[in-house]
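Let's have the full structure, built from the sequences with the hints guiding it.
Below are the chains, spelled out letter by letter.
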Amino acid sequence: MIHTVNKSPFERNSLDSCIRLSVKGAPILLIEDGVLAATRGTSVSDKVAAAMDDHPMFVLGPDLKARGLAEDDVADGITIVDYSGFVDLVVEHGTVQSWL
Amino acid sequence: MIHTVNKSPFERNSLDSCIRLSVKGAPILLIEDGVLAATRGTSVSDKVAAAMDDHPMFVLGPDLKARGLAEDDVADGITIVDYSGFVDLVVEHGTVQSWL
Amino acid sequence: MKFGILVNEGPFTHQASDSAYQFVKAAIEKGHQVMRVFFYYDGVNNANKLSAPQSDDRNLVKLWGELAAEHNVDLVVCIAAALRRGIVEDNLADGFRISGLGQLTEVGIAADRLVVFGD
Amino acid sequence: MKFGILVNEGPFTHQASDSAYQFVKAAIEKGHQVMRVFFYYDGVNNANKLSAPQSDDRNLVKLWGELAAEHNVDLVVCIAAALRRGIVEDNLADGFRISGLGQLTEVGIAADRLVVFGD
Amino acid sequence: MSDTEIEFDTAGITRKFMYVNRKAPYGTIYALEVLEAVLISAAFEQHACIVFIDDGVYQIKKGQDTAAVNMKNFSKTYGIIAMEKEDADEDEDMDMVWRIIVEKESMEARGLSRDDFVIDVEVIPSDELAIIMAEQEIVISG
Amino acid sequence: MSDTEIEFDTAGITRKFMYVNRKAPYGTIYALEVLEAVLISAAFEQHACIVFIDDGVYQIKKGQDTAAVNMKNFSKTYGIIAMEKEDADEDEDMDMVWRIIVEKESMEARGLSRDDFVIDVEVIPSDELAIIMAEQEIVISG
Numbered sequence: 038m039i040h041t042v043n044k045s046p047f048e049r050n051s052l053d054s055c056i057r058l059s060v061k062g063a064p065i066l067l068i069e070d071g072v073l074a075a076t077r078g079t080s081v082s083d084k085v086a087a088a089m090d091d092h093p094m095f096v097l098g099p100d101l102k103a104r105g106l107a108e109d110d111v112a113d114g115i116t117i118v119d120y121s122g123f124v125d126l127v128v129e130h131g132t133v134q135s136w137l
Numbered sequence: 038m039i040h041t042v043n044k045s046p047f048e049r050n051s052l053d054s055c056i057r058l059s060v061k062g063a064p065i066l067l068i069e070d071g072v073l074a075a076t077r078g079t080s081v082s083d084k085v086a087a088a089m090d091d092h093p094m095f096v097l098g099p100d101l102k103a104r105g106l107a108e109d110d111v112a113d114g115i116t117i118v119d120y121s122g123f124v125d126l127v128v129e130h131g132t133v134q135s136w137l
Numbered sequence: 003m004k005f006g007i008l009v010n011e012g013p014f015t016h017q018a019s020d021s022a023y024q025f026v027k028a029a030i031e032k033g034h035q036v037m038r039v040f041f042y043y044d045g046v047n048n049a050n051k052l053s054a055p056q057s058d059d060r061n062l063v064k065l066w067g068e069l070a071a072e073h074n075v076d077l078v079v080c081i082a083a084a085l086r087r088g089i090v091e092d093n094l095a096d097g098f099r100i101s102g103l104g105q106l107t108e109v110g111i112a113a114d115r116l117v118v119f120g121d
Numbered sequence: 003m004k005f006g007i008l009v010n011e012g013p014f015t016h017q018a019s020d021s022a023y024q025f026v027k028a029a030i031e032k033g034h035q036v037m038r039v040f041f042y043y044d045g046v047n048n049a050n051k052l053s054a055p056q057s058d059d060r061n062l063v064k065l066w067g068e069l070a071a072e073h074n075v076d077l078v079v080c081i082a083a084a085l086r087r088g089i090v091e092d093n094l095a096d097g098f099r100i101s102g103l104g105q106l107t108e109v110g111i112a113a114d115r116l117v118v119f120g121d
Numbered sequence: 196m197s198d199t200e201i202e203f204d205t206a207g208i209t210r211k212f213m214y215v216n217r218k219a220p221y222g223t224i225y226a227l228e229v230l231e232a233v234l235i236s237a238a239f240e241q242h243a244c245i246v247f248i249d250d251g252v253y254q255i256k257k258g259q260d261t262a263a264v265n266m267k268n269f270s271k272t273y274g275i276i277a278m279e280k281e282d283a284d285e286d287e288d289m290d291m292v293w294r295i296i297v298e299k300e301s302m303e304a305r306g307l308s309r310d311d312f313v314i315d316v317e318v319i320p321s322d323e324l325a326i327i328m329a330e331q332e333i334v335i336s337g
Numbered sequence: 196m197s198d199t200e201i202e203f204d205t206a207g208i209t210r211k212f213m214y215v216n217r218k219a220p221y222g223t224i225y226a227l228e229v230l231e232a233v234l235i236s237a238a239f240e241q242h243a244c245i246v247f248i249d250d251g252v253y254q255i256k257k258g259q260d261t262a263a264v265n266m267k268n269f270s271k272t273y274g275i276i277a278m279e280k281e282d283a284d285e286d287e288d289m290d291m292v293w294r295i296i297v298e299k300e301s302m303e304a305r306g307l308s309r310d311d312f313v314i315d316v317e318v319i320p321s322d323e324l325a326i327i328m329a330e331q332e333i334v335i336s337g
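Protein chains in written order, with this note's numbering: chain A, 38 to 137; chain B, 38 to 137; chain C, 3 to 121; chain D, 3 to 121; chain E, 196 to 337; chain F, 196 to 337.
It is possible that some hints are incorrect.
Said to hold, decoys possible - For lysine-lysine, the following BS3-like pairs were computed, each having C-alpha atoms within a straight-line distance of at most 25 Å:
id : chain 1 : residue 1 : chain 2 : residue 2
1  : E       : 299       : E       : 280
2  : B       : 61        : F       : 299
3  : D       : 27        : F       : 257
4  : D       : 4         : C       : 51
5  : F       : 211       : F       : 257
6  : E       : 257       : A       : 61
7  : C       : 4         : F       : 299
8  : D       : 51        : F       : 267
9  : E       : 256       : E       : 299
10 : E       : 257       : E       : 267
11 : F       : 299       : A       : 84
12 : D       : 64        : D       : 51
13 : D       : 4         : E       : 211
14 : E       : 299       : B       : 84
15 : E       : 256       : B       : 84
As the list claims (entries may be wrong) - Over the 10 Å line for every Cβ pair with chain C, so calculated as not near, a few chain E residues:
id : residue
16 : 200
17 : 209
18 : 257
19 : 279
20 : 287
21 : 329
Hints were generated in silico from the structure; no laboratory data involved.
Just so you know, these numbers come straight off a predicted model, no measurement behind them.
We treat Cβ as the ideally placed atom computed from N, Cα and C, and that holds for glycine.
Below, the structure written as structure tokens:
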């Protein structure tokens, strides 16, 4: 299973619920406003870093760029993918759970 | 000025922002999913109680009832109003700021 | 007192239009005047006359139109938001009119209170 | 691999339909099959053929229709959700068809993956 | 209806569907329209795991009265879901498992208990629910 | 257009409008359509206080590039807002005050600084911003 989170971690509880309800090892892909969780030096950075102990973390590059966030702004350990990479992740990891 | 909050305090940051950015004494009216902040014994009850030191707190009764919440479930000090009372509050307190 | 209302969401998906309608009804019953309801963003979908809810559900498109007819409420749909979302004269429900965004600023200036309902 | 897609929101207000479109395009480019895109909730508004965005903006209604024509993607609009929101044969854009909610369950069973885009 | 009705062959295939309800009722329509999707899947004899987490737990709160907001009270429909589950449980010819689950942490954070709900539910803590979720084949979120 | 165009007499009235931006751009359309409302109000020569709080601060982040998501990049429009503000500042005949404000706490929580924005803004802490908000006459939230 792979989880997608499309909500801002500053505004909503989607990322929290995803972390609480996903099994160890399940990858999380941040898309749309969810990409705001991926940058360094924010009030949620520590939470995201902690989640990365249990979950491979990915972020959708096109959504980062749209919001003016550079690859350099992304925290270490988070892998940037494009839509093609999004498709590959879904193919590889089976069922998709969208945390809306 | 009167503030309305229509979002669940469990799901969103609207109530937090409203509390942070409203002056002492300004009333807050909880409507729609915002009424979920009004009940006793939840994980946000303390936060709401603290906000009531600075803000008269109101809740829209029709929205409470729709969600199966009884008047008895509402925390002490929160005043229940109907749509007519909503109108009166807006007349009395001037500008309305809707925290969406 | 004179009220202006801004509705940001369509019927069904969010409660915004329901809440706005109940507020407007209560204000009128109390003798206030509702000068204009302005429909912006997805709020323009409140004016889709093809909307056909289930028979046991409320029909906001119709309810707004009836309120406008009975109490002379000006229901204005933002033309820019409406064009994007496919609301045009052809599918515009009775009681609504399409006009510019300036009509929002105008009612903001003219009314004693502007109340926003949205998501 | 065979994909099914569920789109829960209309064009413009949320990015869901944009994301779904980009995902579907990428999947097809990689040689996968997209069996069906099912439009539910406000997603039915993606099929409103009267939608006329500004000339410098993307037109998702048209983009979905073109994708369907080129790559044989089945675009299904939920009839119950569509009736509520005023999407009927009269204003249905090219490439879409209206059908029952069972078509969502069906593609869930038949596809290898169902991906949901919403709010 | 359009001319071309496309159908996929699904005969004899039973898959694990999960419906995730995370939103409060009435503030948005998701609760109601997800319910319609659950009911349809019964006709296809699929496994169904209906999960209430976060504000979704309010969807099945007892005592909903929508008269004053003039919206449709759909909470009674959960009774039909419960009946579908009973049918699935009792019919030995059908390979169809239905579960109705509330996440314990979400319920408790909102000051609710099992008695507050209009239907019988399994109350399951998040770590166990995570394992159940991970076993699903199709996850529909509303 | 419909036949009956209703107009209200607003000549000579200047009121304090505030536009509250709390949502990230692109995930939802609110940022773009609020911008259109702000621009229109300039024609009515109204006071305007344009406030970016919470995720709204991302609306004016530099370097937005929407090519890969195929959405309209509207961040350049804030340049027009800045020009309208300059006009309002410089024209002594016009009683029209425009302010563009970012809440300090929201900015800092997101690891952003004044240099990250496409327009000049006043960065104001929440307690001071609350006082400014309390003085407004019309608050438009998107």
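- Query: Taken at face value, is the distance from the CA of residue 61 of chain A to the CA of residue 257 of chain E at most 25 Å?
  - Reply: It is violated: about 35 Å lies between the C-alpha atoms, which goes past 25 Å.
- Query: Is the nearest Cβ of chain C still more than 10 Å from the Cβ of residue 279 of chain E?
  - Reply: Given a closest Cβ separation of 20 Å, the condition holds.
- Has the given pair, residue 299 of chain E with residue 84 of chain B, been kept, meaning a C-alpha gap of at most 25 Å? holds (22 Å)
- Task: Please confirm whether residue 287 of chain E is truly not at the interface, meaning its C-beta sits more than 10 Å away from all C-beta atoms of chain C.
- Result: At about 36 Å from chain C, residue 287 of chain E clears the 10 Å cut-off, so the statement holds.
- Restraint check for residue 27 of chain D with residue 257 of chain F, where alpha carbons must lie at most 25 Å apart: Violated, at about 28 Å.
- Message: What's the verdict on residue 257 of chain E and residue 267 of chain E, does the C-alpha distance respect the 25 Å limit or exceed it?
- Response: Holds. Residue 257 of chain E to residue 267 of chain E sits at ~15 Å (cutoff 25 Å).
- Below or equal to 25 Å on CA atoms is what counts here, so check residue 299 of chain E against residue 280 of chain E. Distance ~21 Å between residue 299 of chain E and residue 280 of chain E Cα, so the pair holds.
- Message: If we take the beta carbon of residue 329 of chain E, is the closest beta carbon in chain C still more than 10 Å away?
- Response: Fine: 30 Å to the nearest Cβ keeps residue 329 of chain E off the interface.
- Message: Against the 25 Å threshold, does the CA-CA distance of residue 4 of chain C and residue 299 of chain F hold or violate the hint?
- Response: Violated - the C-alpha atoms of residue 299 of chain F and residue 4 of chain C are around 36 Å apart, more than 25 Å.
- Item | Given hint residue 267 of chain F paired with residue 51 of chain D - CA-CA distance at most 25 Å | holds (20 Å)
- Could you grab the alpha-carbon distance between residue 299 of chain F and residue 84 of chain A and see if it respects the 25 Å cut-off? Answer holds: residue 299 of chain F to residue 84 of chain A is near 22 Å, not above 25 Å.
- Task: For the pair we were handed, residue 211 of chain F and residue 257 of chain F, check the Cα-Cα distance against 25 Å.
- Result: violated (28 Å)
Comparing the model with each numbered hint stated earlier shows that hints 3, 4, 5, 6 and 7 do not hold.
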